[in-house]
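Sequence order for the protein chains is D and B.
Going by UniProt numbering, the residue at position 201 of the first sequence is 201; the numbering climbs one at a time, nothing skipped.
Going by UniProt numbering, the residue at position 227 of the second sequence is 227; the numbering climbs one at a time, nothing skipped.
Quick caveat, the hints were computed from the structure, so don't treat them as lab data.
Please note that a few of the clues may not be correct.
[Claimed, not checked] Here are a few chain B residues that face chain D, going by a calculated C-beta distance under 8 Å: (1) R83; (2) P84; (3) S85; (4) G88; (5) L174.
Ideal Cβ placement from N, Cα and C applies to all residues, glycine included.
Protein chains: 2
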Amino acid sequence: MSLKLYELVGTDASRPFSPYCWRTRMALAHKGLTAESLPWRFTEKSEIAPHGSEKVPVLLHDDKPVVDSWTIANYLEDHFPDRPSLFGGEGGRAMARMLNAWGDIAIIGGIFPLIIADIPKNLAEVDAAYFRKSREARFGKPLEEVQASRDTGVIAFRKSLEVMRQTFKTQAYLGGSAPNYADYIVFGGFQWARVVSPFRLLEADDPVYAWREKLLDAFDGMARKSPGFAV
Amino acid sequence: MSLKLYELVGTDASRPFSPYCWRTRMALAHKGLTAESLPWRFTEKSEIAPHGSEKVPVLLHDDKPVVDSWTIANYLEDHFPDRPSLFGGEGGRAMARMLNAWGDIAIIGGIFPLIIADIPKNLAEVDAAYFRKSREARFGKPLEEVQASRDTGVIAFRKSLEVMRQTFKTQAYLGGSAPNYADYIVFGGFQWARVVSPFRLLEADDPVYAWREKLLDAFDGMARKSPGFAV
């Protein structure tokens, strides 16, 4: 069996940073699977077009493409049912759908304006230009202006994590007593920020910080060992 | 076997309105269980004190008290395992914990300032006075002032439901292809508003509106038949 994963990188091919790719990385590790990393950059659309995607992650399972982090998680759960479950049953799979949306909107959407101008520093010139042009069009202003208010923006972001703090009052992980895909959905966003930006998202006494520490240590420290900032 | 449920009501004992009690009502119906309703009012603390609680819902199972909507849901799941599952397995139970926190903060917390001054209209004088005093202390201003900006507040509330709309793109309910406790967590808040306030929370073309309609019709229209405003 062969598994290969297209992962977003910048100038450093050993520094994958997409939050969606990190969801998949953690999901593969949870299943005890190893995928060959295929570094991919923003402007290399033609590399993955044959696999039917414009974005990563793209997983190749014996050369069959599986596209989109949520689809990949479900694919892994269905094709490797004898390995540790990512969802803990069908109820978990269904509820993870909304947690995935929350991860997209509150976590990735919440973090993006806080680190957006740091991202091009990690990219080669051609990719930085692409990123700046496409994202400045989306936000309607220069990346530096989006990021200028991050010292106040991070306070609202931290407040939005209250649902996690409430959860951690009675269980160690979003997935229960051990982490599962619910955790990887959210952790992917934090790992993205850690890889590309020195900006401090969490205070050290935040239960979310303690949770992130545990996930950085998971799978023999896979995420912590990946190059990033000590935040 | 005997099941009794203390439920928050106002002047009309047939009009239970607590969002937490509605979570429990829906959970009981999901399990195919019927509980005798014990109407309870804000100032009747002494009625439930012997059961070890200051708040409702309190479920009495053969006179054994079970306190707090989340605890009750877990109790029902564990004590009636042969009936339809509220969580769809242990993964669902774990993930529902954060959805419960989201329901508390985004839904109940989001709706409260939009309907807060309508609530006392449903209460007897002594309960209305208690409600006003305790909630005005919490918000630091008159209920009417809290509610004064609801026409703009509801826009932010609707925006906060985007995670549900994203979910409904690929599944009918938060719990999957059929509703489960994930749905009742959120629906409880909407039913609370429907019972006490004529304020329009949702626009008719919102997928969340369509979802709410289906839950109003669930269990032979249990929630729709309960007295409320047509919103």
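For each hint, the structure was consulted:
1. Look at B/R83: its Cβ only gets to about 15 Å from chain D, farther than 8 Å, so that hint breaks.
2. Checking B/P84 against chain D by beta carbon gives a least distance of about 11 Å; that is not within 8 Å, so the hint is violated.
3. Checking B/S85 against chain D: minimum C-beta separation of about 7 Å stays under 8 Å; hint holds.
4. The criterion of a C-beta within 8 Å of any C-beta in chain D is met by B/G88, whose closest approach is roughly 2 Å, and the hint holds.
5. Because the beta carbon of B/L174 sits about 5 Å from the nearest beta carbon in chain D, less than 8 Å, this interface hint is met.
In this structure, the hints that do not hold are numbers 1 and 2, in rising order.
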